[in-house]
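A.B. asks: Sequence:
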Amino acid sequence: ALDLLLVLEPRLLLAVLPPGGDCLQPLTLAGLVETEAALFLLVQLSAYLGGWHLVLPASLLNFRTALSTLLTWLAQPSLAKSFAVDCRPRTGREAALAALPAAGMPCSEGWFKVCTAGAAAAAGAAAAPAGAAATIPSAPSSPLGVSGIPAASGGIPSTPAATPSRGPSEGLGGGAGGPMTPGAGIAVTPVRAGSGLAGMSAGGAAAAAAGGGGVGGVCSEYSAQMAEKLYSCASHALMFLAASSPQLSEGEAASLGPAWPRPRDLSALLDQCMAASEALVHHHPSEPLAAAAQARRAQTLRLLGRVGQLCGQFLTVLNGAGAGTGGGMGGGGAG
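Here the sequence shown stands for residues 709 to 1043, where the numbers follow this note's numbering.
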């Protein structure tokens, strides 16, 4: 396991950083597949924290900082009213998914809402010349940088806007500029970030534009899958941070660095999961749902509940340490 970590560490570190979500660093379904797989692998490798710390002393701190930064970005739909991402379909298959409604999956809250709006940018892309990048109107006025994280957050410094690299990796040690090829076990479909809808037929682009906008108050299949993967990434990130968290001493919560998730982000993500869960529960489709759609809704509710529970557990530990009672989440990693 540690040999695998030595080989994959640079790629894993890049994979778990948040994308910019703009025309230079669009949020893609293929990218989320890789991020989800990388985070899942990190959770499995957390069983070897002792050897990990010996073999790569700075690595745990780097990963914890990257995942805390990712959580800050995932919390943004609840923190910034103008938050928006560019996640329009990039391939013919994604355009087909964007043309299909996801029955029973409302697009009114959290990342379900953000991804639906971001996928609707396909309308602008379809009307633009071939190869031109569509933009989301609110993006220029957003307080977020290319990495999606405010510059004053105290986390990893973001990359310059002109650098189309994946997120703020330059601020990390441990070989963040390593090979860009996916590691073993991480399946990725290459997507050209600047291709937009240029490779799509006019009909496919129009279908993506129609399906990405939340027709009938529900997500498209494309935006629903993106939102589900984002919440799955949040779950894996929180699990890894919990497994690698050291015991906190009395009063130590006030001086925690960027390797710990911020209470504000955890609270926002918790509220986001609660709102999305309520939207799912209170959404009543006009027609009875198929068994597969009902099972999907139940699975999504469990996922949102798991993310919310992990956020609540972290907040309890941090609040306890701030009140002088100390606490921990069962891990033994770098602080």
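Note that these hints are calculated values from the structure, not bench results.
Be aware that one or more of the hints could be misleading.
[As the list claims (entries may be wrong)] Pair ranges (Cβ atoms, derived):
{"hint": "1", "residue 1": "VAL763", "residue 2": "ALA1001", "range": "44 to 50 Å"}
{"hint": "2", "residue 1": "GLY759", "residue 2": "GLY925", "range": "48 to 54 Å"}
{"hint": "3", "residue 1": "PRO996", "residue 2": "LEU757", "range": "44 to 50 Å"}
{"hint": "4", "residue 1": "ALA1000", "residue 2": "PRO765", "range": "43 to 49 Å"}
{"hint": "5", "residue 1": "ALA738", "residue 2": "ALA788", "range": "23 to 29 Å"}
{"hint": "6", "residue 1": "GLY1028", "residue 2": "GLN1002", "range": "35 to 41 Å"}
{"hint": "7", "residue 1": "LEU1023", "residue 2": "LEU712", "range": "30 to 36 Å"}
{"hint": "8", "residue 1": "ALA1006", "residue 2": "ALA788", "range": "26 to 32 Å"}
{"hint": "9", "residue 1": "PRO993", "residue 2": "VAL763", "range": "29 to 35 Å"}
[What the hints assert, rightly or not] Keeping only pairs whose Cα atoms sit at most 20 Å apart, straight-line, the calculated SDA-like set for lysine to any residue is:
{"hint": "10", "residue 1": "LYS937", "residue 2": "VAL763"}
{"hint": "11", "residue 1": "LYS937", "residue 2": "LEU808"}
{"hint": "12", "residue 1": "LYS789", "residue 2": "ALA983"}
{"hint": "13", "residue 1": "LYS937", "residue 2": "PRO996"}
{"hint": "14", "residue 1": "LYS937", "residue 2": "ALA745"}
{"hint": "15", "residue 1": "LYS937", "residue 2": "GLY1013"}
The structure displayed is predicted, hence computed values, not measured ones.
All residues carry an ideal CB built from backbone N, CA and C; glycine is no exception.
A.B. asks: Does each hint fit the structure? Answer for all of them.
C.D. replies: Okay, the hints, checked on the actual structure:
1. Taken as a hint, the range 44 to 50 Å holds for the pair VAL763 and ALA1001, whose Cβ atoms sit roughly 46 Å apart.
2. The hinted window of 48 to 54 Å between GLY759 and GLY925 holds, with their beta carbons roughly 50 Å apart.
3. Roughly 48 Å separates the CB atoms of PRO996 and LEU757, a value that falls within the hinted 44 to 50 Å.
4. At about 47 Å, the CB distance of ALA1000 to PRO765 agrees with the hint of 43 to 49 Å.
5. At about 26 Å, the beta-carbon gap between ALA738 and ALA788 stays in the expected band of 23 to 29 Å.
6. Take GLY1028 and GLN1002: their Cβ atoms lie about 39 Å apart, and the range 35 to 41 Å holds.
7. Evaluation of the 30 to 36 Å hint for LEU1023 and LEU712 yields a pass: the beta carbon distance comes to about 33 Å.
8. Taking 26 to 32 Å as the suggested C-beta distance range, the pair ALA1006 and ALA788 conforms, at roughly 30 Å.
9. Checked against the hint of 29 to 35 Å, the pair PRO993 and VAL763 fails, with Cβ atoms roughly 52 Å apart.
10. For the hint linking LYS937 to VAL763, the alpha-carbon distance of about 31 Å lies beyond 20 Å, and the restraint is violated.
11. Between LYS937 and LEU808 the CA atoms are separated by roughly 18 Å; this keeps the pair inside 20 Å, and the hint holds.
12. Restraint check for LYS789 and ALA983: satisfied, since their Cα atoms lie roughly 15 Å apart, inside the 20 Å limit.
13. At roughly 26 Å between alpha-carbon atoms, LYS937 and PRO996 are farther apart than 20 Å, so this suggested pair is violated.
14. Simply put, LYS937 and ALA745 have alpha-carbon atoms about 10 Å apart, close enough for the 20 Å limit, and the pair holds.
15. At roughly 15 Å between alpha-carbon atoms, LYS937 and GLY1013 fall within 20 Å of each other, so this suggested pair holds.
Checked against the numbered hints listed earlier, the structure breaks hints 9, 10, 13; every other hint is satisfied.
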